[in-house]
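Engineer: Protein chains in written order, with numbering that gives the first Met the number 0: chain A, 0 to 349; chain B, 0 to 349; chain C, 0 to 349; chain D, 0 to 349; chain E, 0 to 349.
Bear in mind the hints are in silico, worked out from the structure with no lab data behind them.
Be a bit skeptical, because a hint or two may be false.
Here are the simulated BS3-like pairs of lysine-lysine, each with C-alpha atoms no more than 25 Å apart in a straight line [claimed, not checked]:
(1) K40(B) to K203(B)
(2) K346(B) to K203(C)
(3) K221(C) to K118(C)
(4) K227(B) to K221(C)
(5) K244(C) to K196(B)
(6) K204(A) to K40(B)
(7) K156(D) to K244(D)
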Amino acid sequence: MKDRTASQGQVPGSLILIGEQKMDHPVIRLIEYDAEELVEKELKSIDEAIPCIESEKVSWINIYGLHDLQLIERVGEIFGLHPLFLEDFMNTDQRPGYVEGEAYNALILKMLRYDEGAKNITSEQFTLVLGSHYVLTLQEQPGDVFSPVRERIRMKKRRIRLNDNDYLAYVLLDTIVDNYMIVIESIGRQIEELEGKLFGDQDKKVVEEIYRLKTELSFLRKSVRPVKEIMFQIMKSDRSFFREKHRSYLSDLNDLVTQATDAIELYSGMISDHLNIYSTNVNNRINSVMKVLTIFASIFIPLTFIAGIYGMNFRYMPELEFRYGYLVFWIVVAGIAIGLLIYFRRKRWL
Amino acid sequence: MKDRTASQGQVPGSLILIGEQKMDHPVIRLIEYDAEELVEKELKSIDEAIPCIESEKVSWINIYGLHDLQLIERVGEIFGLHPLFLEDFMNTDQRPGYVEGEAYNALILKMLRYDEGAKNITSEQFTLVLGSHYVLTLQEQPGDVFSPVRERIRMKKRRIRLNDNDYLAYVLLDTIVDNYMIVIESIGRQIEELEGKLFGDQDKKVVEEIYRLKTELSFLRKSVRPVKEIMFQIMKSDRSFFREKHRSYLSDLNDLVTQATDAIELYSGMISDHLNIYSTNVNNRINSVMKVLTIFASIFIPLTFIAGIYGMNFRYMPELEFRYGYLVFWIVVAGIAIGLLIYFRRKRWL
Amino acid sequence: MKDRTASQGQVPGSLILIGEQKMDHPVIRLIEYDAEELVEKELKSIDEAIPCIESEKVSWINIYGLHDLQLIERVGEIFGLHPLFLEDFMNTDQRPGYVEGEAYNALILKMLRYDEGAKNITSEQFTLVLGSHYVLTLQEQPGDVFSPVRERIRMKKRRIRLNDNDYLAYVLLDTIVDNYMIVIESIGRQIEELEGKLFGDQDKKVVEEIYRLKTELSFLRKSVRPVKEIMFQIMKSDRSFFREKHRSYLSDLNDLVTQATDAIELYSGMISDHLNIYSTNVNNRINSVMKVLTIFASIFIPLTFIAGIYGMNFRYMPELEFRYGYLVFWIVVAGIAIGLLIYFRRKRWL
Amino acid sequence: MKDRTASQGQVPGSLILIGEQKMDHPVIRLIEYDAEELVEKELKSIDEAIPCIESEKVSWINIYGLHDLQLIERVGEIFGLHPLFLEDFMNTDQRPGYVEGEAYNALILKMLRYDEGAKNITSEQFTLVLGSHYVLTLQEQPGDVFSPVRERIRMKKRRIRLNDNDYLAYVLLDTIVDNYMIVIESIGRQIEELEGKLFGDQDKKVVEEIYRLKTELSFLRKSVRPVKEIMFQIMKSDRSFFREKHRSYLSDLNDLVTQATDAIELYSGMISDHLNIYSTNVNNRINSVMKVLTIFASIFIPLTFIAGIYGMNFRYMPELEFRYGYLVFWIVVAGIAIGLLIYFRRKRWL
Amino acid sequence: MKDRTASQGQVPGSLILIGEQKMDHPVIRLIEYDAEELVEKELKSIDEAIPCIESEKVSWINIYGLHDLQLIERVGEIFGLHPLFLEDFMNTDQRPGYVEGEAYNALILKMLRYDEGAKNITSEQFTLVLGSHYVLTLQEQPGDVFSPVRERIRMKKRRIRLNDNDYLAYVLLDTIVDNYMIVIESIGRQIEELEGKLFGDQDKKVVEEIYRLKTELSFLRKSVRPVKEIMFQIMKSDRSFFREKHRSYLSDLNDLVTQATDAIELYSGMISDHLNIYSTNVNNRINSVMKVLTIFASIFIPLTFIAGIYGMNFRYMPELEFRYGYLVFWIVVAGIAIGLLIYFRRKRWL
């Protein structure tokens, strides 16, 4: 949870980094290419990227690190970004959204990663600005999730080299949404693994596991669901920089996002079912524990009473003097015990 | 759960088979017919099917097995399929979907089969491509589900022989959706059979059964619900290869799909109700077990205490010397027991 | 549950009776009328009805029994019904639906009847075909639900005699939907009667009753909800045979159907609430049973232990020799008992 | 629950009073006014109201009592009401609805009153017919809910005197919907009062209270929700007698109805939450009762066993002869008791 | 809960303050500015604000306190507010809403504040009227929530000084909605803190905490959800005083409101999950308490019975005379105890 108090009352559009600051030093990387040529370099200053805006070549400017306010302000000036949008993507708790400026389209998304060891999902804000020929991306931390994309760009004659910048944007978005599916499926696998434990040892860990998975699915829903709206906005927009001829890619991406949200709903439903099933099983357990107790207690408490009677020290107790008293006692005890066992058997408790 | 990691970062539209590989050797079958003539043969190579694309006759090309990447790539070239669509139907975990290409419509569906023995549903991906005069179908495994359709084609003068390829497509889709109904109704029958057990022996198996049915319904919903969207897309499309004059068939198919999704929702609701009812019954059980325990314990524990008193060895205990002490003891015991029985009777525990 | 397997792979539109066969011998009745004249007769063959199709008089042809396939096929030919629609209404498990043919409108509905004795709902498929001047109805079984309608037709100068065939159709549909309300209200009455039992004897029958009512409401929803869609389709259609001037009747019918579906949802919500309330009450019960047990056990088990102590046979037990030992014992016992009673009183268990 | 059987099969539009008959003698009151003049009288016969229909003055005709069928039929003739609509408002179980006739708009609503003493809601059907210059209202019973409106009419120069009949209709509807809010808020107050009891004495009354409130909210929803649809229909209609210049009053009324339905949903959610909370609390109770029982039983049952051992009469029991036997017994007993207390303390049961 | 009875039957649009009266003395503050000049003063009478309405400068008139009816009536006259709208904003329980008058747009919202100490949310009604060049705001109580806005106005060359009155309105609304986020996130933080307690000590406080959070979320939903509708109405309106060029600010505000409502739904879902999890945990607890009881009771009750037998005083009991009787007794006791322990171990209760 971030602390919004800091931003409150500030002029809207003023730049503050809301959320934790995650790294030391921003890194700016530029890849500029067309079908023939490829230039790849690390920029000292964002000003070096100015020529790319006008150039006919496709250029991909990637910036790691959002904490350098001067850098971000300068980015805003160079690419003509709206101050409100700048403020939004500086806020790392921002809800995913889509903005259409005059000279650009911009998306804010969450990049998700599932840490198998720590069994939790880490989230990072990802901003993509699509201009006439450039793609500008901003990440919180450097990561290697896009390195296969870079590999493909480096190879000549690949489809990515023959296409425009909106195809590059599509490839990047596809990579991110593919990552959603990986995270969701890893949750799905854990839900399926839970199945065995539901009917098994009934250790209390199961509830904690269910709780953890529920919380993660809530988190996923919060990150992924707005992306569906975004896809819808892009597809119906007529000012979008996604070219008409690449529509089928967008619609494919849209299908993938739909699949992701469907899967999240499916797993949410399943995990709720799991909790209900588990809860009913706990009650079943209580029931069988109770039966054991009731059988033992109902048989032996009356018998103990009878034994207690003949342990009394009344002066006049005729049975005690009776020769076969002890034998009769045993017969009565056995009779009661057998009778109760039959009774419980009939009730199907045994 | 498939492992998407393999495809991640690959150029979208590159071909990889995601999901298990289910058979050894692809089989290509061609049936070409019009009202008069019928040709049926197994093709060595998909290239033999090229003439069918232009021919005025209806041709049905059926391919079993998706693992032969060269074959699939060649299919893509011959029929002019979009690379993204090729990628989709190679992914056997693909969500059902509908694509309109320039020269074809394509559907990806799930074929469902209920294995009565193993009591589980098996699913197989089914792709149908509808061109101007051909129908191309791709299945994961050879199966005999379409053999009645083939029989009908072989008979002259049947409606299927007099109609165009979209009627064939309709018949194939109808067969698949009919199969959905069979699977759903088999689930429905099991839910109804469960009814007896809900109020009966309360064996723990019931929860496992409910769990299994819930999971299967989730699976069914995932497969069938997107088909409704697909039907909607086809019906509102004006670029569809389903001819206007056959609209009533489509609308009939749509009704069947609606019936299927309605039934799934109905059964999902019912199985949830079953769990609630069962759970309440378990609590009722606990309640009656508790009553038995309480009645036994509440009657005999105080009596045992009284017996215990007169088993004490205090030197001075006047009652012990009293002539009718033992008799009075029994009167008191009977009085307490009867009093408590009346009390429990009043509380309607007996 | 019907067995769809029979129809699978058959050419769509081929006639098979799906569902149980409910009677022996089909009966065809014809009532033909205008403001002045009335003819009422039983037809030997459906061919006798052919003149009605063209006649300007209103004619109502009612057929009982759907198992005579030749008859149905002939009906299809005479009235020009689409083969798919024929197939649909032969399937007695068909979802209610509406079809607009060129020369007719057709509705498939369920007729519901509540059997007060057996406490269950029986359902029968009802098909209504509305042509230019005729109304054709098909029922599974002969029944007297429409006899008041027949009575009104027989009386001269009644509104029904002065109006067209769509008014007759409206009257028939109104009768059927009125029947829905009767069934729903009978369920409603049972739900209200359940209220007393919820807080009363807690007999296990209540859960079975709730289960039965839930199942019946599911069944009702399945039958009635599609009728709302049908009304919507008829009202928005511009090819409908329901005349514009009778629209207010349709809209009245629509209101009644809305009232029916609202009532079903209301009662479904109430019966779910009932189950929750009952379930909470069961837990309350368990709680009070537990309290009784705990009070008895917690008081008498320690006392029994004390009595047990002085029943021991140790050679050296000074208290036993003490003159007022027994008296002190009773004082201690009473002290413990009173102390515990006060404790439980404070906890408000008493 | 009314008995619809009576009306079944009757010609639609025939008049029968469905529902209980609530009073003896219908009363017709007329108030006729414009900015200058005011006439107020009780009419002997509805025929006296005929001149009002044409008059330019605003006239409000209020009829109490719906059981006089001749009166109602005459009302229908005079005001030109559709027979179906007459039938509807005679049925006191009618769902609230809106009808647009050629010369009138008509609304059927429920008037709700909360009886603080009996703690239940009473409902009465209210029908309002708005013509060109008249407002006709029909109530089941005479009541004083509109007397403040009458007061205002009697005072010269009030806004109501300066406005048309649709403003009068608005004022009447506003009064009725204000009453809804009063009823809803009284339910709301009871829900809030329940809060204290949820965590308190756990008397079983709470469940009955929750049940009562749930049932009342269901009833409210049934009465109020259709009013929202009605407002929507009036506002979008272009044949409505509500003048364009008074639209802001309608939209204000609409806001009030929305507030009412929102409040009903809010309270329904809250009362369901209350039941869940209460139910969890009951389980908490069971848990703490169980702990008390378990602690007492687990400590004293083993000790009683030990005491039982040394109460045995075996000839050879060395401990009994041992000088410090009794002392050792007490040490062992204290040890066990303290050990178990520490154990339960660790488990946080104490 | 306010008492609406007071307003009932009053002429709609008559002014009564519904809700508690929160302060003594109304305060009117005026800030008038353009890029160059700034005037800030406290007004004695609202009549001093009349020139502002026509002036080209931006003027912000802020009124604290709604109880001075003459003042409010005068405000209504001066700014030409509709009487119904005046009545609405006097009612401090009014649902948030949006009104478009001829010369103004008006919003009624709730200002929320979270009191960290008392752990509850306080709500205050806020009304904003946007005219051609003025912004009129009405608050129930003086507060410092807008002081940062005032600070920014005072500083020259800030964006707020260069923009029109609709930008001021946007800044004020943004401040209020930012406050919603702060309140929601404070609830969110408490929900997350609850997590530890769910699996921990199981103190009954947790249910009360869950209940409190649930109630607060209901309250929040009631306040925030209508704001989304308001934003939608403003954005689609073509009579709005929010200038087209500031649309991006509105759409940003809309995103923030969407984020707020999403967060409320997310947290509502989470807190319901918490209750389910807690409830299952309580059952788990009951289960383990039951196991402890059952193990103790099942082992020692039979043993006590055996000890009871040999405490009996029958004259003829051969075992008592047997030399190794006591030894055998211990062997049997140990055997039973060990047997039962193994049994419970197998059942995994130990």
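Engineer: Taking the hints in turn, state whether each one holds.
Structural biologist: Do the hints match the structure? See the list:
| no. | hint | verdict |
| --- | --- | --- |
| 1 | K40(B) to K203(B) | violated (54 Å) |
| 2 | K346(B) to K203(C) | holds (16 Å) |
| 3 | K221(C) to K118(C) | holds (19 Å) |
| 4 | K227(B) to K221(C) | holds (18 Å) |
| 5 | K244(C) to K196(B) | violated (55 Å) |
| 6 | K204(A) to K40(B) | violated (60 Å) |
| 7 | K156(D) to K244(D) | holds (19 Å) |
In this structure, the hints that do not hold are numbers 1, 5, 6, in rising order.
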